[in-house]
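Starting from the given sequences, assemble the full structure and let the hints guide the process.
Chains B and L supply the protein sequences, listed in that same order. Those letters in the first sequence? Residues 1 to 317, by my numbering. Those letters in the second sequence? Residues 318 to 563, by my numbering.
In case anyone wonders, no lab produced these hints; they're calculated from the structure. Be aware that a few hints might be false.
[Unchecked claim] Derived DSS-like pairs (lysine-lysine); straight-line CA-CA distance at most 27 Å: (1) B:K311 x L:K561; (2) B:K313 x B:K288; (3) B:K274 x L:K538; (4) B:K274 x L:K554; (5) L:K561 x B:K14; (6) B:K304 x B:K274.
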Amino acid sequence: MIATYIEVIDGKIKKSSLEALSLAKDIAAVKGIKCLALSTSKSASAEVVGSCGADELIVQDSGELDQSQLIDWLCKLYSAYQISYIVLANSSIGKAIGGQIAAKLQLGIISGVNGWAAASPMQFRRSVFSGKANAWYSFMEDKGVISVMPNSIPVKKTYSKVAEISESNVNLSGPVFNSVNKELVKGKTPLTEAEVVVSGGRGLKDPSNWGMIEELADLLNAATACSRPVADSGWRPHHEHVGQTGIAIRPNLYIAIGISGAIQHLAGVNNSRKIIVINKDPEAPFFKAADYGVVGDLFEVVPKLNEAISKFKEEHH
Amino acid sequence: MKILVCISKTPDTTSKIAFDSDNMHLKEEGVSFIMNPYDEWYALVRGIELREKFGGTVSVMHVGEASSEVIVRKALAIGADQAIRIDSKPKDSNDVATQIAHYAQNQSFDIVFLGKETIDHNGSEVGALLAGMLAIPFISYCTKLDVEGNELSATCEIEGGEVSFKTQLPAVVSAAKGLAEQRIPNMKGIMDAKKKPLEVISPVSANQKVKLVRFEALPPKTAVKLIAPDDIDSLVKILHEEVKVI
Ligand SMILES: Cc1cc2nc3c(=O)[nH]c(=O)nc-3n(C[C@H](O)[C@H](O)[C@H](O)COP(=O)(O)OP(=O)(O)OC[C@H]3O[C@@H](n4cnc5c(N)ncnc54)[C@H](O)[C@@H]3O)c2cc1C
Numbered sequence: 001m002i003a004t005y006i007e008v009i010d011g012k013i014k015k016s017s018l019e020a021l022s023l024a025k026d027i028a029a030v031k032g033i034k035c036l037a038l039s040t041s042k043s044a045s046a047e048v049v050g051s052c053g054a055d056e057l058i059v060q061d062s063g064e065l066d067q068s069q070l071i072d073w074l075c076k077l078y079s080a081y082q083i084s085y086i087v088l089a090n091s092s093i094g095k096a097i098g099g100q101i102a103a104k105l106q107l108g109i110i111s112g113v114n115g116w117a118a119a120s121p122m123q124f125r126r127s128v129f130s131g132k133a134n135a136w137y138s139f140m141e142d143k144g145v146i147s148v149m150p151n152s153i154p155v156k157k158t159y160s161k162v163a164e165i166s167e168s169n170v171n172l173s174g175p176v177f178n179s180v181n182k183e184l185v186k187g188k189t190p191l192t193e194a195e196v197v198v199s200g201g202r203g204l205k206d207p208s209n210w211g212m213i214e215e216l217a218d219l220l221n222a223a224t225a226c227s228r229p230v231a232d233s234g235w236r237p238h239h240e241h242v243g244q245t246g247i248a249i250r251p252n253l254y255i256a257i258g259i260s261g262a263i264q265h266l267a268g269v270n271n272s273r274k275i276i277v278i279n280k281d282p283e284a285p286f287f288k289a290a291d292y293g294v295v296g297d298l299f300e301v302v303p304k305l306n307e308a309i310s311k312f313k314e315e316h317h
Numbered sequence: 318m319k320i321l322v323c324i325s326k327t328p329d330t331t332s333k334i335a336f337d338s339d340n341m342h343l344k345e346e347g348v349s350f351i352m353n354p355y356d357e358w359y360a361l362v363r364g365i366e367l368r369e370k371f372g373g374t375v376s377v378m379h380v381g382e383a384s385s386e387v388i389v390r391k392a393l394a395i396g397a398d399q400a401i402r403i404d405s406k407p408k409d410s411n412d413v414a415t416q417i418a419h420y421a422q423n424q425s426f427d428i429v430f431l432g433k434e435t436i437d438h439n440g441s442e443v444g445a446l447l448a449g450m451l452a453i454p455f456i457s458y459c460t461k462l463d464v465e466g467n468e469l470s471a472t473c474e475i476e477g478g479e480v481s482f483k484t485q486l487p488a489v490v491s492a493a494k495g496l497a498e499q500r501i502p503n504m505k506g507i508m509d510a511k512k513k514p515l516e517v518i519s520p521v522s523a524n525q526k527v528k529l530v531r532f533e534a535l536p537p538k539t540a541v542k543l544i545a546p547d548d549i550d551s552l553v554k555i556l557h558e559e560v561k562v563i
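So this is what it looks like as C-alpha cells:
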C-alpha cells in the first residue's frame with residue numbers, strides 16, 4: 001500500500017497534497033497496489049481524493065495536531081495498514097516531519113521529488129546544486145518516505161470514483177509544541193503553490209512603485225515575489241523573498257522585473273517552466289536564464305503591458 | 318548551554334556544475350568548496366550567540382574526510398570551541414544522521430543546530446532524521462529562536478507566513494535566514510582556531526537506505542527571444558497562446 005498525507009487549510013485540501021497524491025497513484029497503478037489518502041480533517045473530501053485516484057480515505061478528526069502527534073499518527077497508521085510508501089508534499093510540514101517519520105520507521109527518505117521513473121527499483125528525480133542539475137535516486141528496499149516538490153507533478157483528477165471513507169481512532173501522544181501563533185497572509189495563494197509569479201527587484205527603486213507589480217499580478221492571477229535586497233530593505237515582506245536564502249519556487253511562469261538575475265536569485269527560480277525578464281540592461285545575467293526578454297525601462301514597459309493585457313481581456317471575454 | 322552545530326562542505330554557490338563521464342560524481346577540478354552557507358551564517362552564529370549569553374560550549378561536528386578540515390577550522394575561527402570530525406564519506410542522509418545521532422546521544426546537548434539544507438543535495442533531510450533518531454523536537458526552517466530556562470521559543474517559516482511556538486529543550490533546530498547575522502573570522506579567531514581541539518573519531522556502521530542512480534545535467538537553455546519594448550502586443554500574444562495565462 002502507498003499512502004499520502006493530505007493537508008487541509010481553511011477547509012480545502014492543499015494543491016501540493018493533491019500533487020503528492022497524484023504521484024502516489026501513478027506508483028500504485030504501476031505496482032498494482034492500493035492507494036490511501038490520510039487526513040486529520042473531516043473537511044478532506046472523498047470526492048476530491050477519489051478523483052485523484054485514492055481508493056480509501058482514512059480520517060481521524062482530531063483538529064490541528066502538533067508535529068509530534070502527526071508523526072505519531074502517521075507511524076501508527078503505517079504499521080496498522082501495512083503501508084510501504086508514505087508520500088508527503090514537500091511543504092513546511094512535509095519538510096519538518098518527513099525525516100522524523102523515516103527515522104522512526106527506519107525507512108529511507110527521498111525529499112523534494114520532481115519526477116519519477118517506473119524502473120525497477122523505482123527512480124526519483126530531485127533538483128540539486130541549487131537548481132543547476134538534477135539527480136536520480138532509488139530506495140535500497142521497496143519502501144520509504146517520498147516528499148514531492150510543489151508544482152512539479154500535475155494534479156490528475158481523472159478518476160471517476162469516490163474514495164471509501166474509514167475512520168481511524170488512534171490514541172495519540174500529547175503535544176510537544178505549545179502556544180502556537182500562526183500568521184498567514186489571508187486569502188493569497190502561497191508562493192510555492194502559485195502557478196504564475198510576478199517578481200520585482202531593486203530596479204523598482206521604491207516600495208511605492210509596487211502598485212504596477214500588483215496590478216500585473218492581479219491581471220495574471222499571480223502571486224508576487226521579490227529579490228533579497230528588496231526584502232532586506234523592508235520594501236516587501238520576507239516571505240516574498242525568493243532565491244537561495246529565500247524560497248525556491250517552480251511556477252509555470254516567472255516574470256522578473258528590474259531584477260539582475262544574480263546566481264543566488266536564480267537558485268530559487270531557475271526551475272520555473274517559463275521565464276520572462278524585463279530589464280533595461282541588456283547585459284543583465286537574467287537574460288541568459290530567460291525564455292523571453294524585454295530590454296527596456298520597466299517604468300514604461302510594465303504600465304504598457306498592464307494596459308495591453310487589460311485590453312486583451314476585455315476583447316476576449 | 319551545551320550546543321552542537323553540524324556543518325557540511327558544499328561547492329561554492331558560483332561553481333560551474335559538471336559531472337564525470339559516469340554521471341555519478343561531481344567534477345571537482347576548478348570547484349572551490351566552502352562551509353554550507355546556512356550552517357555557517359545562521360546555525361553556527363546563533364549557537365555562538367547563545368553561548369555568549371548563557372555560557373557553555375559550542376562544538377562543531379562534521380561527517381567527512383580529512384580534506385574538509387579547512388572548513389572545520391573556519392568554524393573554530395568564527396568562534397566554536399571544539400570540533401569533532403567523524404572520519405567517513407557518508408553514503409546518504411541516513412548515514413550522516415546516524416553518525417551524528419550516535420555521537421550526540423550520550424552527550425546531553427541542549428540544542429543541535431543545522432542549516433536548513435545543503436546547497437549541493439538540497440535535501441533538507443538530515444535535521445529531521447536526526448530529531449527522529451534522538452526522539453526530541455525538531456524546529457524546521459527556524460528564523461527566530463530564544464531560550465529561557467528549559468524552554469525554547471521559536472518562529473519558523475511556513476507557506477505564506479510564519480508560526481511561533483514554545484517547546485522544551487533539548488531540540489534539533491534547522492536554521493534559516495533571519496536566525497543570525499553572518500560573522501567573518503578575524504585574525505585573532507584564526508590564530509586561536511589553530512589551538513582549539515579537533516577530535517577525529519571513527520564512524521559507526523549505518524544501513525544505506527537510498528542510493529544515487531545518476532546525476533543529470535540540465536538540457537541547454539535555448540537563447541532568450543527578445544521582444545522590442547514598443548511591441549508589447551507580441552508579449553501579450555505569448556502570454557495568451559504559448560504560456561496560456563490569459
Ligand atoms: C550569500 C548570498 C545569498 C543571497 N541570496 C539571495 C536570494 O535568496 N535572493 C536574491 O534575490 N538575492 C540573493 N542574494 C543577492 C544577490 O546576489 C543579488 O545581490 C540580488 O539578487 C540583486 O537583487 P536585484 O536584482 O533586485 O538588485 P540589483 O542587483 O540592484 O539589480 C537591479 C536590476 O534592475 C535593473 N533596473 C534598474 N532600473 C531599471 C529600470 N528602470 N527598468 C528596468 N530595469 C531596471 C538593473 O539593470 C539591474 O539589473 C544573495 C547574495 C549572497 C552573497
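Verification of the hints:
1. Between the alpha carbons of K311 (chain B) and K561 (chain L) the distance comes to roughly 16 Å, so the proposed pair stays at or under 27 Å and holds.
2. For the given pair, K313 (chain B) sits about 30 Å from K288 (chain B) by alpha-carbon distance, which is inconsistent with the 27 Å threshold.
3. Note on K274 (chain B) and K538 (chain L): the hinted pairing holds, with a Cα-Cα distance of about 11 Å set against a maximum of 27 Å.
4. Our distance criterion of 27 Å between C-alpha atoms is met by K274 (chain B) and K554 (chain L), whose separation comes to about 15 Å.
5. For the hint pairing K561 (chain L) with K14 (chain B), the CA-to-CA distance comes to about 23 Å; that is within 27 Å, so the pair holds.
6. At roughly 21 Å between alpha-carbon atoms, K304 (chain B) and K274 (chain B) fall within 27 Å of each other, so this suggested pair holds.
The structure does not agree with numbered hint 2 stated previously, though it agrees with all others.
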